[in-house]
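**Q** Single-letter residue listing:
Protein chains: 8
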Amino acid sequence: MDRDEAVRLLEQVAAGSLTPGEALDRFATAPYDALVHSLVDTHRALRTGDPEVVYAAGKTTQQVLDNVEALRRSAGRVLVTRCSEEVAAALGSTGRTVLVGPAPAPRGLVAVLAAGTSDGPVAEEAALTAQAFGAAVERVDDVGVAGLHRLLAARPVLDRADVVIVVAGMEGALPSVVGGLVGTPLIAVPTSIGYGAAFGGLAALLGMLNSCAPGVTVVNIDNGFGAGVFAARVARRVGAP
Amino acid sequence: MDRDEAVRLLEQVAAGSLTPGEALDRFATAPYDALVHSLVDTHRALRTGDPEVVYAAGKTTQQVLDNVEALRRSAGRVLVTRCSEEVAAALGSTGRTVLVGPAPAPRGLVAVLAAGTSDGPVAEEAALTAQAFGAAVERVDDVGVAGLHRLLAARPVLDRADVVIVVAGMEGALPSVVGGLVGTPLIAVPTSIGYGAAFGGLAALLGMLNSCAPGVTVVNIDNGFGAGVFAARVARRVGAP
Amino acid sequence: MDRDEAVRLLEQVAAGSLTPGEALDRFATAPYDALVHSLVDTHRALRTGDPEVVYAAGKTTQQVLDNVEALRRSAGRVLVTRCSEEVAAALGSTGRTVLVGPAPAPRGLVAVLAAGTSDGPVAEEAALTAQAFGAAVERVDDVGVAGLHRLLAARPVLDRADVVIVVAGMEGALPSVVGGLVGTPLIAVPTSIGYGAAFGGLAALLGMLNSCAPGVTVVNIDNGFGAGVFAARVARRVGAP
Amino acid sequence: MDRDEAVRLLEQVAAGSLTPGEALDRFATAPYDALVHSLVDTHRALRTGDPEVVYAAGKTTQQVLDNVEALRRSAGRVLVTRCSEEVAAALGSTGRTVLVGPAPAPRGLVAVLAAGTSDGPVAEEAALTAQAFGAAVERVDDVGVAGLHRLLAARPVLDRADVVIVVAGMEGALPSVVGGLVGTPLIAVPTSIGYGAAFGGLAALLGMLNSCAPGVTVVNIDNGFGAGVFAARVARRVGAP
Amino acid sequence: MDRDEAVRLLEQVAAGSLTPGEALDRFATAPYDALVHSLVDTHRALRTGDPEVVYAAGKTTQQVLDNVEALRRSAGRVLVTRCSEEVAAALGSTGRTVLVGPAPAPRGLVAVLAAGTSDGPVAEEAALTAQAFGAAVERVDDVGVAGLHRLLAARPVLDRADVVIVVAGMEGALPSVVGGLVGTPLIAVPTSIGYGAAFGGLAALLGMLNSCAPGVTVVNIDNGFGAGVFAARVARRVGAP
Amino acid sequence: MDRDEAVRLLEQVAAGSLTPGEALDRFATAPYDALVHSLVDTHRALRTGDPEVVYAAGKTTQQVLDNVEALRRSAGRVLVTRCSEEVAAALGSTGRTVLVGPAPAPRGLVAVLAAGTSDGPVAEEAALTAQAFGAAVERVDDVGVAGLHRLLAARPVLDRADVVIVVAGMEGALPSVVGGLVGTPLIAVPTSIGYGAAFGGLAALLGMLNSCAPGVTVVNIDNGFGAGVFAARVARRVGAP
Amino acid sequence: MDRDEAVRLLEQVAAGSLTPGEALDRFATAPYDALVHSLVDTHRALRTGDPEVVYAAGKTTQQVLDNVEALRRSAGRVLVTRCSEEVAAALGSTGRTVLVGPAPAPRGLVAVLAAGTSDGPVAEEAALTAQAFGAAVERVDDVGVAGLHRLLAARPVLDRADVVIVVAGMEGALPSVVGGLVGTPLIAVPTSIGYGAAFGGLAALLGMLNSCAPGVTVVNIDNGFGAGVFAARVARRVGAP
Amino acid sequence: MDRDEAVRLLEQVAAGSLTPGEALDRFATAPYDALVHSLVDTHRALRTGDPEVVYAAGKTTQQVLDNVEALRRSAGRVLVTRCSEEVAAALGSTGRTVLVGPAPAPRGLVAVLAAGTSDGPVAEEAALTAQAFGAAVERVDDVGVAGLHRLLAARPVLDRADVVIVVAGMEGALPSVVGGLVGTPLIAVPTSIGYGAAFGGLAALLGMLNSCAPGVTVVNIDNGFGAGVFAARVARRVGAP
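Here the protein sequences line up with chains X, U, E, D, Y, W, R and G, keeping their order. If you count by the numbering used here, then the first sequence holds residues 356 to 596, one letter each, in order. If you count by the numbering used here, then the second sequence holds residues 356 to 596, one letter each, in order. If you count by the numbering used here, then the third sequence holds residues 356 to 596, one letter each, in order. If you count by the numbering used here, then the fourth sequence holds residues 356 to 596, one letter each, in order. If you count by the numbering used here, then the fifth sequence holds residues 356 to 596, one letter each, in order. If you count by the numbering used here, then the sixth sequence holds residues 356 to 596, one letter each, in order. If you count by the numbering used here, then the seventh sequence holds residues 356 to 596, one letter each, in order. If you count by the numbering used here, then the eighth sequence holds residues 356 to 596, one letter each, in order.
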């Protein structure tokens, strides 16, 4: 039951061809999603402007291309994450994350810091996602805690940002140090970089969850996408006119 | 070496009583924290208005009172977390979290949802922390995923909020459901409520980290404080004039 | 917005004092739970006859008694789980699980097997829960896999039952053996009985999840309650007239 | 020693050609499985109509075909699970689960819900297994908790079903939400879908075991087969004439 | 149905007062454990001489005494494990393991080595159990791998023994070193001695399971009882006349 | 310094060409392994007749062949474990474990039970190892706990054996059931067979460590070799003339 | 057999009252530890000056006092670790670690840094142990990574030290930051400070093991003692004249 | 802002062309890393002589070669770790670790012991790293705890060394035994050698962390590089003139 049907039903009530009791029964026995639809409508509206997203891992290149084609018609832009080299090439890119279509006009600023070069692809996923979801992004790479001078040199970017994403593998200590320098909301992204007792990112994840710096939140291992969505939502609100 | 000392040093250079080389040596051999101080000063300023915090767990009642007394002199307010009943009583409260002194004028709105009654103390810690750090807070309790109507009834609060904190133990599913309803930045707090394979909050933590709703970030188990600080930082920025 | 309000609204439409469009807006902006209420109503009806449940762990004796008193007014019966000795005594019982009020007339049969004497309280929780939720129950205790003759002696009970609950700690092997004997739906309950590498019931839980007997399902460690609810639901359906 | 042999033995006793003591010795020294056979016979009878099952993982295509051929002679139908694409093609199918031969006449109804498209193959395994074991099946796909309207739209199927299977990966929250909507017996199947802290399905498994909805039981990660067998056993009993 | 009843049944067949078919039905419908009884009888005979065992943990002193009293009547001896100080005192002992009644005449020799003084109670449980189950025992304490000379001094005992039990906590390295010195069957018992990353005996358990010395088997953490039973079974066989 | 050198040294003392003090210095400064050699000599003698062992995993076919060739010269037989198909073929075998050279004359009997067909290669490793280390072996395959009649049919073999090896994956319940039937020393071998929450054999390992049957010892996951060595050592001692 | 006995034996050979063969037999059958004694002698000499150590946890106050009394006679000093308040008081101290007797003259310098006040007792254990084992110690407390200026202020101490111990709980990030500042050998000590996903020190332990700063080694959780012994050994060697 | 710039700035102050206040502002607004540079300068100097390091895992051969080429220009030597066979060949080596350029003149001695042949590559990484970082190295291979005579034969090397690295997989017991023999600082390196419950090196790691020998420190699984850097730092300090 969509809005039109509901109006028709009420018009029958107005016309007297349906009693209020009969109308209520019709509402009550209508397919659930009709009723629920109105509930979630507002929400859907809020999302306007968000890109459609295709998670490319486990899909063939053709499947990804078909998905992108289909979605791009309905949405202005499609973000493709976890691309293989082949998929990226087919989309005319070299990265693991590809935005098909133009990014929306940015509001607010997200800073994305990465601890090591190996953390780059996850930082790129976070950055491109934040852009695709409507925020401006500045990136700073290779900011390991074992080289404090590089981190301190990034302070101006941190100070400008409305929200900071910190990407790190191994022991995942960078968010704690950054969190001690700035009062900006900070999202930590553990990566699976490391070996042995890194346990595929578990060490970094636990480190970030136990950060001694207050106000650090964490997403799943390698989940640059989730951090980017969250950060863009914060940045857009802060930067809203 | 504070700013005054640095000026004096440079004045000596200007006066010719110190050569540039001698001045540089003085700078270089000054206590490190003098130099670093200026680096972190801006940051400290940003924090203005933040309460001092006392973590009461593992301290005697007298130690907590002494801490509170000492800090209140320098800061307008002191937030005391993880209070025993005895400590709370000594601070004139009955809660596990106590704010001594007035909350600052609020900017922005934080919604705090709790899944079960047992999650209440953690939700209270998050809420009181967010208030102490400068945000307005609205709470909704007992919003379990197994009773969707209560959750849907909370939608107006969710729609009003600048940022949402969702507190849940056991399987920690609530953030996923809330995250599917709203596009507001959402911070999930797993609690240690549950038994057996809940493993002291591990099940809820893993559930939240793997949320299928995009844009959910997570803090440590029972860490209402961290979620409150983060949320207040977002809310204050969004609500800034 | 409850049913009466909805009827009034529709009567206004019928009376022409409200246009269909206006009425729809009123529906759309009504508190969410009004709309949702109808959605979940059917479900609530299905539950009729289910007892109210009080989880006594972590509550004072007085809190439990107050809960029981309040709930008993609205429901015919109250099931109290995880009682301390003091709580049980206050309820006039000696067990860890207490049913206040009469059990409903039983439909279908649940067999509850326990591997060791230490598994008894969890088996009792499962059995009393199944009875409180409307099934008949037969119990067989001390049916360890290391004493096959006792297990085989329980075959007639297993054959009679509509659904079987098997409670076991340590290595949790009993469900596999029982599952090899009968084709009855079988719910396995791991208990925290054991020490060392039993890891608080983890060994039994993993054992049951990996059972080589097909058709074994599992609940949380020590969760006799959950097994009892599930089993009663199956038994009532099978035993429905 | 089968029934015929036992009768012959007793006839010799009756004829006096064997003393009671000699007969007893013959019974006592008979192969153990003769004696046990009678114990398990009833059970075997109960199983009548169940398909034979071939677990194809780790077998060559030829081995699977040979198995299927051999079993189909003795049983009316053979269920082949965990097929590679090559095995499926050789069996004339494209799915990961293949039923060779006709399904039995169905009794009772199993609803199979899947949270995401990636959970599809496990849901298919559960559904086809339930059919092969004698139940009717209705499937609903893509019912994520982050899109409540799709779930609520599935309510009529849930209401019709005698037992519900819910398949979900990542945080595995779907069973909790479904369990809050219906009082039908519910079997949760965690899948290995996800990455990072999903730990190969562990997050979903723990989430389901700790479900706040009462009456949820769980099977091993990706174990659609086990859920299907269990569900069919329940459905057949409920639907028995 | 015991042997006498079976004979009577067969005599009725011989006398013609029961047809073979009737007799078979009687056999088939006899309580299962009657049939199974004969299956396990041989086994029970093998156990002759084994003590009854009372696991005292979680029982009141009176319960333990009642158990001991009851069992001692039927068995010549009762082994009580995991005694509290109070239970031990009531049994006239000071140890955590108490044998009530005389040990059987020993056959074969079990050597019990303990790495540290804290491992003593587990070693004592193993030693007293082996004696109660019929083996002679020699103990060597404080044989840490960090003090090789003490270990090497124990070589004569190791050479004499038919089977060796090695008890160690912390890193659990002792079995590997002992296993490199002798070709005697070696049972390793990890203890929960240690702290931090000892994880309650997990480190020792994993160490022993991965021993580079071939022919080392392992029991549960702190399971001196299990090691003692196994070792006595080996020793009695080796020492059998 | 071997025995001959030591004798020569002492002869020089006897001949007066070396003072006692000088001799002692020579002993003290001799390479450590000379002194130690005598310590371990007895042990080496005990080992006489044991095969040399080559662990083929991670070696090229040529490396394995070279190893086997070199060792066979010094030892009568070489046991090669964890062979790839190519290595096995090069050794003229099809199994994962290959004994090059004749097995020694057997003493004592080892029974090797395997729960499922997939556990076969580990059971084969255990059996061939026990033979290579000097014991007779009888195997019984496909003895799952979900099919008790097959297990009970194996009782005569169990009764004959001096020591029993039980190989099982998944939930690893078989050793508990076998341990309840016989009083023979029992070594449990968990295998990595299973999926999901089997966690590569962890479930079976924990199950076996927590067996409710007394006197069960355990080896590492898939460690048929270790179980075979241990069992042969027991069997040879029991079967020694 | 000590050196004197060995000389006497060789004198008998020289005197002809013992043949070389007889002497060798006597050597070979001497208690093993006689032979081994000489092997380990050098080592023991190296240890000269090391204190005896009493691990007080799990001992009664009287047992600790008796141990201290007995050891102090033979050694100049006794280090008592893991003291309860009562034990400390009985030893005339208030700390958890107590050195009875004077510390040896120090050689080399150990710097001990602690991240938080709660890490103090472990830092104290490390510091007092290093002193008791012969090194000078300088401590710097409250050097969290979230407050870089305090850490940088500690640089002069770090520069002076021959070896650095860094004690930290929660995420354990401090060693990485310190390791990036100095090239001094650095030992990291994780503490059990923290809650929730700190898992009793596991997060800090994993963090330290995965440190991105090269040259960081780690000890067990809360193991200040082990770090102190290791550091003193390094410092004494560096500071040796 | 480097030293030259700072001097120029101060000269302007001296010349009066810049007021002290203006100069201070310039200092304060200079890029952070200028100020920080002086902080870390001393440190950098300390490192003089350290090789540059290329972690080859995950890089193409060409990338490694480019890295090596670029770094070799600035540094005298480049250490390449985790080489594939192809990378090693391109560097003219066959090992997994390659030092391009001459090792520095050694100071102090590092002993590297490896338990098994499979531990060789990690031991090689440790040894070559220690040499590249300026220490002399002696290696002893195949020193398993199950063959004590080989270990004791290595005592002279252990006695000579300033610091000892012990590399072992499986149960990781070797450091405990070595630590009982010598008082030399000892670094334990767990390797991922083993299978089943070795859990990729976890068993060895836990074993080493819980070593009963005092003064053992540990690095990450397979982290020969970290152990080598640490050991060289100790050795160079001990061996400094």
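Warning: the hint list may mix true and false statements.
No farther apart than 30 Å at their CA atoms in a straight line, the calculated lysine-lysine pairs in the DSS-like style are these [claimed, not checked]:
hint	chain 1	residue 1	chain 2	residue 2
1	W	414	D	414
2	D	414	X	414
3	E	414	U	414
4	G	414	X	414
5	Y	414	E	414
6	R	414	U	414
7	Y	414	R	414
8	W	414	G	414
FYI, nobody ran anything at the bench for these hints, they're computed from the structure. In this text, all values refer to a predicted model and were calculated from it rather than measured experimentally.
**Q** Run every hint past the structure and note whether it holds.
**A** The hints, checked one at a time:
1. W:414 with D:414: At roughly 26 Å apart (the allowed maximum being 30 Å), residue 414 of chain D and residue 414 of chain W satisfy the hint.
2. D:414 with X:414: 26 Å, holds
3. E:414 with U:414: Since the Cα atoms of residue 414 of chain E and residue 414 of chain U sit roughly 26 Å apart, the hinted pair holds (cutoff 30 Å).
4. G:414 with X:414: OK: residue 414 of chain G and residue 414 of chain X at ~26 Å, within 30 Å.
5. Y:414 with E:414: 26 Å, holds
6. R:414 with U:414: Cα-Cα ~26 Å, so holds.
7. Y:414 with R:414: 26 Å, holds
8. W:414 with G:414: 26 Å, holds
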